[in-house]
Amino acid sequence: MATRETKIRTRTQEGLIEVLVLVNHPMETGMRKDKASGKVVPQHFIKEMTLEHNGKVVAVAHMGPAVSENPLIGFRLKGAKSGDKVKAAWSDNKGESGVAEAVVDAG
Amino acid sequence: MTPMKRRTFLKGSATASVLAVAAAAGLLRPQTVLAAAWPQAAFDAKDMNAVTQALYGAADAPANSAIQIKAPIQAENGAVVPIAVSTSLDRVEGIAIMVDKNAAPLIGSVSLSGAGAGYFSARMKMGKTSDVKVVVKAGGKLYSATQNIKVTVGGCGG
Chain A
6 MATRETKIRT
16 RTQEGLIEVL
26 VLVNHPMETG
36 MRKDKASGKV
46 VPQHFIKEMT
56 LEHNGKVVAV
66 AHMGPAVSEN
76 PLIGFRLKGA
86 KSGDKVKAAW
96 SDNKGESGVA
106 EAVVDAG
Chain B
2 MTPMKRRTFL
12 KGSATASVLA
22 VAAAAGLLRP
32 QTVLAAAWPQ
42 AAFDAKDMNA
52 VTQALYGAAD
62 APANSAIQIK
72 APIQAENGAV
82 VPIAVSTSLD
92 RVEGIAIMVD
102 KNAAPLIGSV
112 SLSGAGAGYF
122 SARMKMGKTS
132 DVKVVVKAGG
142 KLYSATQNIK
152 VTVGGCGG
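Heads up: the sequence lines are chains A and B, in that order. Residue numbering for the first sequence follows our numbering, beginning at 6 and increasing consecutively. Residue numbering for the second sequence follows our numbering, beginning at 2 and increasing consecutively.
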């Protein structure tokens with residue numbers, strides 16, 4: 006399966022560094038029916054997203070299928086500054102995964 | 002020679018006691034929390050108290066005004082409802098977002114440590130108009146905040 010696009014960017018919000026992660030992912034609940042075939046579309050959703058700041062894990066998000074399609078997940082960091090490295094990694098219930106890295110831009 | 006040895010011994014014991022204090026104060030604990038597996042029981046739970054119990058081992062989470070929920074009061078499209086949670090509480094360890102009227106209330110939960118600030122945002126699906134509850138674990142205690150979001154078009158099973 007094609008790799009899913011994962012985007013990461015940072016900005017300053019309320020004095021903290023905000024990290025936004027966008028993943029191109031269907032987030033199927035397992036309850037939706039395909040209109041053409043009438044068959045239930047199987048569950049397919051991101052279960053876990055880990056955020057690293059300068060190589061250290063600072064946040065782990067566990068998600069269920071009720072997170073919207075193409076999830077946009079936001080974290081904030083204390084004491085982060087321009088030039089710091091942030092990395093987000095996710096994995097879903099079908100074993101797919103993705104990673105995106107960025108350098109903090111506090112400007 | 003003897004004073005040297007004594008110095009070395011003091012240094013060694015000081016390091017050990019700092020570690021012991023750090024462990025006792027819970028500074029080392031977040032690492033083990035972050036390593037936790039995907040909480041199946043919490044995502045399967047059918048009501049918000051059961052979710053809180055499964056996630057944090059207790060269901061009692063008194064309302065606290067230091068938790069802010071930023072979400073629309075009315076959402077036109079239940080498939081994509083933006084929500085942002087921020088809190089000024091100290092030592093935030095975890096944040097969980099729940100939608101009362103969804104078949105499975107838990108949307109997601111985040112564990113934080115180190116530089117991770119008390120903030121989490123996402124976009125969620127809502128089946129119908131419902132209370133949205135946020136539970137925050139900070140300094141070993143649970144707190145919550147609730148907001149009602151009206152949904153015009155449901156976002157589940159569409």
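The reader is advised that the hints may include incorrect statements.
Facing chain B, a subset of chain A residues (Cβ under 8 Å, in silico) [said to hold, decoys possible]: (1) Lys61; (2) Ala64; (3) Gly69; (4) Arg81; (5) Leu82; (6) Ser87; (7) Val104; (8) Ala105; (9) Val108.
So the derived list for chain B, only partly shown, Cβ under 7 Å to chain A, looks like this [to be verified]: (10) Ile74; (11) Ala118; (12) Ala123; (13) Gly141; (14) Tyr144.
Lysine to aspartate or glutamate pairs mimicking EDC-like chemistry, simulated, CA-CA at most 20 Å apart [what the hints assert, rightly or not]: (15) B:Lys47 to B:Asp91; (16) B:Lys71 to A:Glu106; (17) B:Lys142 to B:Glu77; (18) A:Lys99 to A:Glu53; (19) B:Lys102 to B:Asp45; (20) B:Lys129 to B:Asp61; (21) B:Lys102 to A:Glu19; (22) A:Lys83 to B:Asp91; (23) B:Lys102 to B:Asp91; (24) B:Lys71 to B:Asp45; (25) B:Lys47 to B:Asp132; (26) B:Lys129 to A:Glu19; (27) A:Lys52 to A:Glu19; (28) A:Lys99 to B:Asp45; (29) A:Lys44 to A:Glu33; (30) B:Lys129 to A:Glu53; (31) B:Lys151 to B:Asp91; (32) A:Lys61 to A:Asp110; (33) A:Lys52 to B:Asp45; (34) A:Lys83 to A:Glu101; (35) A:Lys99 to A:Asp39; (36) B:Lys71 to A:Asp110; (37) A:Lys12 to A:Glu23; (38) A:Lys90 to A:Glu23.
If you are wondering where the hints come from, they were derived from the structure by calculation, not from laboratory data. We put the CB at the ideal spot given by N, CA and C, even for glycine.
Hints, verified against the model:
1. Lys61: 6 Å, holds
2. Ala64: With Cβ-Cβ at 4 Å, under 8 Å, it holds.
3. Gly69: Holds, because the Cβ-Cβ distance from Gly69 of chain A to chain B comes to roughly 5 Å (cut-off 8 Å).
4. Arg81: 4 Å, holds
5. Leu82: 5 Å, holds
6. Ser87: 14 Å, violated
7. Val104: 18 Å, violated
8. Ala105: Violated. Min distance 16 Å.
9. Val108: Cβ of Val108 of chain A sits 15 Å from chain B, so the hint is violated.
10. Ile74: 18 Å, violated
11. Ala118: With a minimum Cβ separation of about 4 Å from chain A (threshold 7 Å), the hint on Ala118 of chain B holds.
12. Ala123: 5 Å, holds
13. Gly141: 18 Å, violated
14. Tyr144: 18 Å, violated
15. B:Lys47 to B:Asp91: The hint is violated at about 30 Å.
16. B:Lys71 to A:Glu106: Cα-Cα ~27 Å, so violated.
17. B:Lys142 to B:Glu77: 35 Å, violated
18. A:Lys99 to A:Glu53: 12 Å, holds
19. B:Lys102 to B:Asp45: Holds, because 14 Å separates the two Cα atoms, which is no more than 20 Å.
20. B:Lys129 to B:Asp61: 25 Å, violated
21. B:Lys102 to A:Glu19: 32 Å, violated
22. A:Lys83 to B:Asp91: 12 Å, holds
23. B:Lys102 to B:Asp91: 30 Å, violated
24. B:Lys71 to B:Asp45: 26 Å, violated
25. B:Lys47 to B:Asp132: Within the cut-off at roughly 14 Å; holds.
26. B:Lys129 to A:Glu19: 32 Å, violated
27. A:Lys52 to A:Glu19: 29 Å, violated
28. A:Lys99 to B:Asp45: Given that 20 Å is the threshold and the Cα spacing comes to 18 Å, the pair holds.
29. A:Lys44 to A:Glu33: Holds - the C-alpha atoms of Glu33 of chain A and Lys44 of chain A are around 13 Å apart, at most 20 Å.
30. B:Lys129 to A:Glu53: Violated: Lys129 of chain B and Glu53 of chain A sit about 26 Å apart, past 20 Å.
31. B:Lys151 to B:Asp91: Roughly 31 Å between the alpha carbons, so the hint for Lys151 of chain B and Asp91 of chain B is violated.
32. A:Lys61 to A:Asp110: 18 Å, holds
33. A:Lys52 to B:Asp45: 13 Å, holds
34. A:Lys83 to A:Glu101: 30 Å, violated
35. A:Lys99 to A:Asp39: 19 Å, holds
36. B:Lys71 to A:Asp110: 24 Å, violated
37. A:Lys12 to A:Glu23: 14 Å, holds
38. A:Lys90 to A:Glu23: Answer holds: Lys90 of chain A to Glu23 of chain A is near 13 Å, not above 20 Å.
When each numbered hint is compared with the structure, violations occur for hints 6, 7, 8, 9, 10, 13, 14, 15, 16, 17, 20, 21, 23, 24, 26, 27, 30, 31, 34 and 36.
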